[in-house]
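Peer 1: Here is how the chains run, residue by residue.
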Amino acid sequence: MKVNEKKWIRFRIYIVAVFFLFALSTVLSRAVQLQIIDKDRLQKMARDGYRKIVPLPPKRGSILDREGHELAVSLEVGSVYAEPRRIEDKVGTARQLALHLDMPAGNILKLLKKDKGFVYIKRKISSDKIENISQLRLQGIGLTKETKRFFPGKEIAGQLLGIVGDENQGLEGLEKRYDDLLRGEAQVIVQMKDAVGRPFHTSKPAEEKRDTHNLILTIDKDIQYKAEQALEKAVIKAKAKSGQCLVMNPETGEILAMATARGYNPVTETIAPAFNPNIFRDYKPEAWRNRVITDCYEPGSIIKSFLLSAAIDAHVVTPNTKFNCENGEYRVANRIIPDTKKHGILTAADIVVVSSNIGAVKIGNELGYENFYEYMCKFGFGQKTEVDLIGERDGLIKNPEGLGPVERANIYFGHGMTASSMQLAAAMSAIANGGRLMKPYVVKAVTDEAGKVIKEYQPQFVRRVISPDTAKTVSRILEDVATERGTAFDAAIDGYRVAGKTSTAQKVDPETGRYSSRNFVALFAGFVPANRPRLVILAMIDEPRGGHYGGLVAAPVFKDVGKWALANLRVQPQLILAENDTVSETKKISRGKKKIPVVEVKEVKKLDTGEKRDGDLLPDFRGLTMREVLKNISVLGINITFEGSGRAYEQEPEPGVSIDDVTTVKVSFRPPA
Amino acid sequence: MSERKNTAGGYDFFILIPTIVLLGLGLVAIYSSSSFLAEHRYQDSNFYLAKQGFFVLLGFFLLFVIKNIPVEKYKGLVYPLLFISFILLLMVFIPGVGKKVGGAQRWIRLGPLVLQPSELVKLSLAVYMAYSMSKKADYMSSFTKGLLPHLMVAAAFMSLILIQPDLGTTVIIGAWMIILMFVAGMNIFHLISIVIVSAPAVYYLITHELYRIHRLMAYLKPWEDPQGFGFQIIHSFLAFGSGGLLGVGLGNSKQKLLYLPESHTDFILSILAEELGLVGIAIIIMLFLILIIRGLKIALDAPDLYSSYLALGVTILMGLQVIINMGVVMGLLPTKGLTLPFLSYGGSSLLVNMAGVGILMSISARR
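If you read the sequences in order, they're chains L and W.
Just so you know, we're using this note's numbering here: the first sequence kicks off at 1 and counts up by one.
Just so you know, we're using this note's numbering here: the second sequence kicks off at 1001 and counts up by one.
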């Protein structure tokens, strides 16, 4: 029986045919929908699925001190993460990881047992550990690379350097100020990955990448360290609230050191915990701000040196112009201007040396507030120094309009106005360098990744403030401050001529709004050597307890730092020329010391280290630093013992003996002059 | 007589050529989609291609053998075939012989070969139904004589397949039976009753297996859990979308990089869609349409009712698998786990489909 014979079967087969035709048409229309209509959307999703944007660990330039010591560097580190849901053998994985990470297996296991897609096991570990872990090929354990900021100098210059956030962005200090130079471009590579995460195609990082730069600071790490140490010592000794120290090259405006000490803690009898990068996170700005530029205070007597400069420069007075200092009581309007000591007739010079407020008011009145104001503006008060840091404050100097005689009188000796340590140091530099206001700066140069200098910051002359003659005259006068006769004998540095000015300024009690009899700012700012200044050093101690005079509290910091910095910079001690009849004891001592022959500093390269056989004789180490001695001795293959510190002045055996006979050299050091 | 041209030498080119083209496409697609996986699993990118190639050759051998055997010869083999199929289906559950893949016990090991007995069941049932329905042609509309015997035989097999578990094959066999019996003259009322009765059963089966719920969810709301149950179907969509009109080119599929599970078996059409685009899909659909229409035409022209039903059975079985697989990969139907004839990787399925083609060509040559 053929199907043909049954019409209804044929008909039903046709129905089946129509059914299939219909079904396949449906399928085809669906394909059209997916492949034509929804194409773009699906395509994009597909790409997003297999393309992975992999961020590269961002680079960041280093911050170096003026001699190339690293202050802040970025190192590549890695992180270990887990995808707990993909890990079958959690115990084994934890145990294996524990071997390579300094973590108890129990803690790791706890993390692995979390019902999460992703969890960090440990972040920022060294790259060799990463390498070890990657070789374990643990299922569900992944590794990423990132960078971590290290501060090789530990807390040195912490406030100045600032910090870097987790996303490689500068958050504070220089890190923030120069972020665009330091920060490398956040680079990504596009990887196409299969479903198990293995890349099958990796794009190259974009060619036109942003360069990372290194900063070379004007800061000298050693001087900075010394400044911080000396300041800390002084703050602890004075049980003070805080302290600041600034070291500057007056000729250029380069800042060699910039330290802020945190307050004395009466409970621990130390100052607050050493600075570390966490301070930015864990404490309020008060604890870490760079007070040298951010805090303006009433500077006090130091202003007298600028007042005198102005008066002499304006030819209103000469150093020898005599003023009656009224035996310590002088009435301006209805107010009495006090002096700490009673003085009779004083020369203009002596008024500054002994720091007579009454004398200052008289000089001021002679000069006139309008002129004084003009000079103060020229010295840079009331305006930012434009130092290349963030957070600088203007300070305040009132303009003459509507200013009463009492207010004017106060300003002549540094009250009723505010200034930052940076401004004071810059103004003092102008006296030191012959009358030129230089713009302070902390970044000396910018180098590329290879270390090639691509930009060098030159000293910037802002304006002439006073004539060179005036500057010279005032310098001479300020030299007397650091003598027995002056207020800052403690600032004197043996063998060098020191000039400067103290301040002991009463602070305004924020509660009463009046000057406090308890809270002072003790300050000394000066320069050395006075005739050809290499350093301007400012030391400020905020609210010292006990002795509060600037000459007693702050001057020793100047001396400590100055002495050390001069040696560090190899500034030759000088014979102080007797300028007047009264040669102080200090000067005698320094003259006596001068008799010790100062050994000419030898350049390391002058020693024939390369051809040691040539000599076969023991070299002369005298005059070298310990480091230089070590450098030389290392190629000779003989032992060395050190004694003392500073520069070598004696060695045993004597230079010139045959090396073959020598097994050990004993070198004695002492601090230079 | 014009028909004869197309069957010159006894070979029906309307059947043979689409089959060869599809097999060729299948081999290319299997290589493309499986080489990465094979490399990943076996460190041999040719692993699946080589196996499939072997089965293609074996399949052609089978095709030509069957083509040259008159279909009447199987009549005597109906019950032995059913019996063998049934035994093989039982062997699936014998530990050591049955092979479990992904929770389902669907395969048996016979020496070096792994067979899927349910594929053979389809063929045996096709022969049985053709034989039985042609014999009982006049009683097909009756419940006891026409419907019940077939239903019982089918139910025996279907329940065994169901407990593997393989709901997809069970449903496809059921649907195929219904269509076949509809053509053979089943009472429309019976047909509707069967559908109504089996629907709750299917519903129960689906809702009492978590993975089936997931599959259903994937079908209904694939985007709700793109990393979970929606993963496979979404990646299938992505493959289709990525292909666009002209495709990304052979070998260039991205979804095959282990994103799309089963990309060389059930979801091979997705890879073809990505690599060959809508044009490729349209061609594949046309080729299947030619095969189906031609198969129905052969059924219409068959010399006797038995041959007609056999051709019909084979054609409908293949056609159902085609539309269900395509419907699944394009998200029109819930995921079933059914292969696409001639294109998907899988020896048993290929051999059975090639045997089916052999049967069609055999019938075609004897019109």
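No lab work stands behind these hints: they were computed from the structure.
Treat the hints with care, since some could be wrong.
[Claimed, not checked] Not the full set, but computed from the structure, chain L residues with beta-carbon under 7 Å of chain W:
hint, residue
1, R12
2, A17
3, V18
4, F22
5, A23
6, I37
7, H100
8, M103
9, G106
10, K233
11, I236
12, K237
13, L617
14, L618
[Unchecked claim] Coverage of chain W stretches by chain L, computed from C-beta distances (three or more under 8 Å per stretch; other residues unrestricted):
hint, stretch
15, 1044 to 1053
16, 1277 to 1291
17, 1321 to 1333
[As the list claims (entries may be wrong)] The following label-pair restraints were derived from C-beta to C-beta distances:
hint, chain 1, residue 1, chain 2, residue 2, range
18, L, T26, W, A1155, 22 to 32 Å
19, W, E1039, L, D128, 42 to 52 Å
20, L, D40, W, H1214, 54 to 64 Å
21, L, D40, W, I1087, 45 to 55 Å
22, W, G1096, L, D40, 48 to 58 Å
Virtual Cβ for every residue (Gly too), placed ideally from N, Cα, C.
Peer 1: What are the numbers of the hints the structure violates, in ascending order?
Peer 2: 3, 4, 6, 7, 8, 9, 10, 11, 12, 13, 14, 15, 19 and 20
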